[in-house]
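Below are the chains, spelled out letter by letter.
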Amino acid sequence: MASSSSFFGVTECNLLCVGGLVAGLALAAVAFKRYQKYKDDQRRQTYPKDTVVLHQIGRGKYIPSISPFPLKLETYLRMAKIPYINEHAHTMSSKGKTPWMTYNGEDVDDSQMCIDFLNKKLGVDMNKHLSLEQKSIGHAFRILVEDHLYWTGVLQRWVYDKGAHVPEASGGRVTPFQARMISRKIGPQAYMQGLGRHTQEEVMCILRKDVEALSCFLGQKKFLFGDDPCEYDCSIFGLLAQALWSMPGSPHEVMAKKEFPNLKDYVYRVRETFWPDWNECILEPEQGGTRGKKEK
Amino acid sequence: MASSSNFFGLTECNLLCVGGLVAGLALAAVAFKRYQKYKDDQRRQTYPKDTVVLHQIGRGKYIPSISPFPLKLETYLRMAKIPYINEHSRTFSSKGKTPWMTYNGEDVDDSQMCIDFLNKKLGVDMNKHLSLEQKSIGHAFRILVEDHLYWTMAYVAYAGDLTATRSVMPYDPLTNMFLVRAWTKVIRKQLWCQGMGRHTVEQVNHLIKSDLMALSVFLGRKRFFFGSEPCEFDCCVFGMLALALWCMPGSLHETLVNKEFPNLKDYIYRVRETFWPDWNECILEPEQGGTRGKKEK
Numbered sequence: 000m001a002s003s004s005s006f007f008g009v010t011e012c013n014l015l016c017v018g019g020l021v022a023g024l025a026l027a028a029v030a031f032k033r034y035q036k037y038k039d040d041q042r043r044q045t046y047p048k049d050t051v052v053l054h055q056i057g058r059g060k061y062i063p064s065i066s067p068f069p070l071k072l073e074t075y076l077r078m079a080k081i082p083y084i085n086e087h088a089h090t091m092s093s094k095g096k097t098p099w100m101t102y103n104g105e106d107v108d109d110s111q112m113c114i115d116f117l118n119k120k121l122g123v124d125m126n127k128h129l130s131l132e133q134k135s136i137g138h139a140f141r142i143l144v145e146d147h148l149y150w151t152g153v154l155q156r157w158v159y160d161k162g163a164h165v166p167e168a169s170g171g172r173v174t175p176f177q178a179r180m181i182s183r184k185i186g187p188q189a190y191m192q193g194l195g196r197h198t199q200e201e202v203m204c205i206l207r208k209d210v211e212a213l214s215c216f217l218g219q220k221k222f223l224f225g226d227d228p229c230e231y232d233c234s235i236f237g238l239l240a241q242a243l244w245s246m247p248g249s250p251h252e253v254m255a256k257k258e259f260p261n262l263k264d265y266v267y268r269v270r271e272t273f274w275p276d277w278n279e280c281i282l283e284p285e286q287g288g289t290r291g292k293k294e295k
Numbered sequence: 000m001a002s003s004s005n006f007f008g009l010t011e012c013n014l015l016c017v018g019g020l021v022a023g024l025a026l027a028a029v030a031f032k033r034y035q036k037y038k039d040d041q042r043r044q045t046y047p048k049d050t051v052v053l054h055q056i057g058r059g060k061y062i063p064s065i066s067p068f069p070l071k072l073e074t075y076l077r078m079a080k081i082p083y084i085n086e087h088s089r090t091f092s093s094k095g096k097t098p099w100m101t102y103n104g105e106d107v108d109d110s111q112m113c114i115d116f117l118n119k120k121l122g123v124d125m126n127k128h129l130s131l132e133q134k135s136i137g138h139a140f141r142i143l144v145e146d147h148l149y150w151t152m153a154y155v156a157y158a159g160d161l162t163a164t165r166s167v168m169p170y171d172p173l174t175n176m177f178l179v180r181a182w183t184k185v186i187r188k189q190l191w192c193q194g195m196g197r198h199t200v201e202q203v204n205h206l207i208k209s210d211l212m213a214l215s216v217f218l219g220r221k222r223f224f225f226g227s228e229p230c231e232f233d234c235c236v237f238g239m240l241a242l243a244l245w246c247m248p249g250s251l252h253e254t255l256v257n258k259e260f261p262n263l264k265d266y267i268y269r270v271r272e273t274f275w276p277d278w279n280e281c282i283l284e285p286e287q288g289g290t291r292g293k294k295e296k
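Chains A and B supply the protein sequences, listed in that same order.
Numbering that gives the first Met the number 0 numbers the first residue of the first sequence as 0 and each following residue consecutively.
Numbering that gives the first Met the number 0 numbers the first residue of the second sequence as 0 and each following residue consecutively.
Treat the hints as calculated values from the structure; they're not laboratory data.
There could be a bad hint or two in this list.
Below, computed lysine-lysine pairings styled on DSSO-like, alpha-carbon distance capped at 27 Å [what the hints assert, rightly or not]:
| hint | chain 1 | residue 1 | chain 2 | residue 2 |
| --- | --- | --- | --- | --- |
| 1 | A | K120 | A | K48 |
| 2 | A | K120 | B | K94 |
| 3 | A | K96 | B | K184 |
| 4 | B | K94 | B | K119 |
| 5 | B | K120 | A | K208 |
| 6 | A | K119 | B | K208 |
| 7 | A | K208 | B | K94 |
| 8 | B | K208 | A | K96 |
| 9 | B | K119 | A | K94 |
| 10 | A | K96 | A | K220 |
| 11 | B | K96 | B | K188 |
| 12 | B | K119 | A | K220 |
| 13 | A | K184 | B | K96 |
| 14 | A | K80 | A | K96 |
| 15 | B | K127 | B | K94 |
| 16 | A | K208 | B | K48 |
| 17 | B | K80 | A | K94 |
| 18 | B | K94 | B | K208 |
| 19 | B | K94 | A | K161 |
| 20 | B | K96 | A | K161 |
| 21 | B | K221 | B | K184 |
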């Protein structure tokens, strides 16, 4: 007599075990998600009211952030004089990106969406002195910087350089192993985006055209649109500052420092205007930083 | 006695078979690549001299191309009066993109690289009447259109409901079905990697409106992007906006260009009248599923 009935050789007992395992995993997943939500709610309750909590990766060795978008957003907060605190962690937003922010219990991701959110919420408009045409041009240059020039930087840092300078630039917060792992993921992403399909020589040519366009438009002006800074300056500064301080030996650095000196002057000008405490916003020597040291 | 010696259970005979198979496959791959090169060389020899051979993916039902970049490049060739012929097929460039071109035996891919190549080779400069500042602004707007607005259009066409996309595909039903499925898979991955695919529909709609508003405001009441004379940047803006108008039925892009930014609509028609007087001959005939000869809606 058979000990128990079977279905294609699998006994009832086996089926119950498998079913129980699947149900257990599903319950565990639900419990985990609820726990995450509970932790998020607890986290939000600790934040001060009417203060932006800016979530970003940690400070850099030479620069407050080795990523352009946190630097852009933080520059905007300073420009608009919006109270904020930083929460430095490697926790990415729900979209898998950095930076993101929390304001009065509400999480917002993507640097530009954060800016639009705060502009609407707080009635801020750093572009109010610009004409409609200037705003349209500013929008185009912001896209040039964030959706095109940015990718040439990604390729340089993570594909051509294979992340070699990132551990040092991050003050050791990103280990060489992590840098290599990130570098492996970025190559295919850049290919999907499109710029990664070109040869390195072609990308350098593309880079030059973008930087030339920026330099030409800026000309001898103090800021992008004249004597008063505007919201678009935050985005351009965030990216060009990377070229100057966190991409040593790159064509980006060479172009910004030597071939297009008005861009270098512009970056220093924005820094002096909105980051008088720049030195306190980079890592101390004990943490692998250059705080207090003379700039090269 | 064992019939033959073995290595981890595999006999010498097995190992020889496997080795032979691998070597055979490697040889087949090399032979295939050489055959492809031979066919490419043969192909290039048939092309007329000093004539651009523009490789693109076939005419559309309502528009000469369902992709903005072939339309951009072909508009440029017409604007610069460079002799060209079309070779319609679904063969993509060495970079996996369309369009690409062959000129006197040399293949070039990427629409902008094709333009830069021809500008240099033939001494063409459709931007010579522009100031340096205008060229820098034009460059920024070209990037806005090709590296941002384009992705919002890819999002709308491929990230959600595919009904509208299927309706404008110009091939036979089986090919349409296969291509839409294949392209959707690839483009959704591209959208995620590029970043646009991480946003919600509402967020993307906001980006669409911002981009089109910027274009509309900058164009203003001008005939072309920088005044009364067209320039190279008009090819790119036209290529993208024409798609919004004729290839994305029911989309926010179409609504905004048609109704909210009428100067963009007028501009598209103006570029079409100037450089595509034979537009009707460049779309598919009714027998092929096209609208040639039919009154435009």
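* To do: Any hints from earlier that this structure breaks? Give me their numbers in increasing order, please.
  => Numbers 2, 9, 10, 12, 15, 16, 17, 18 and 21, in rising order.
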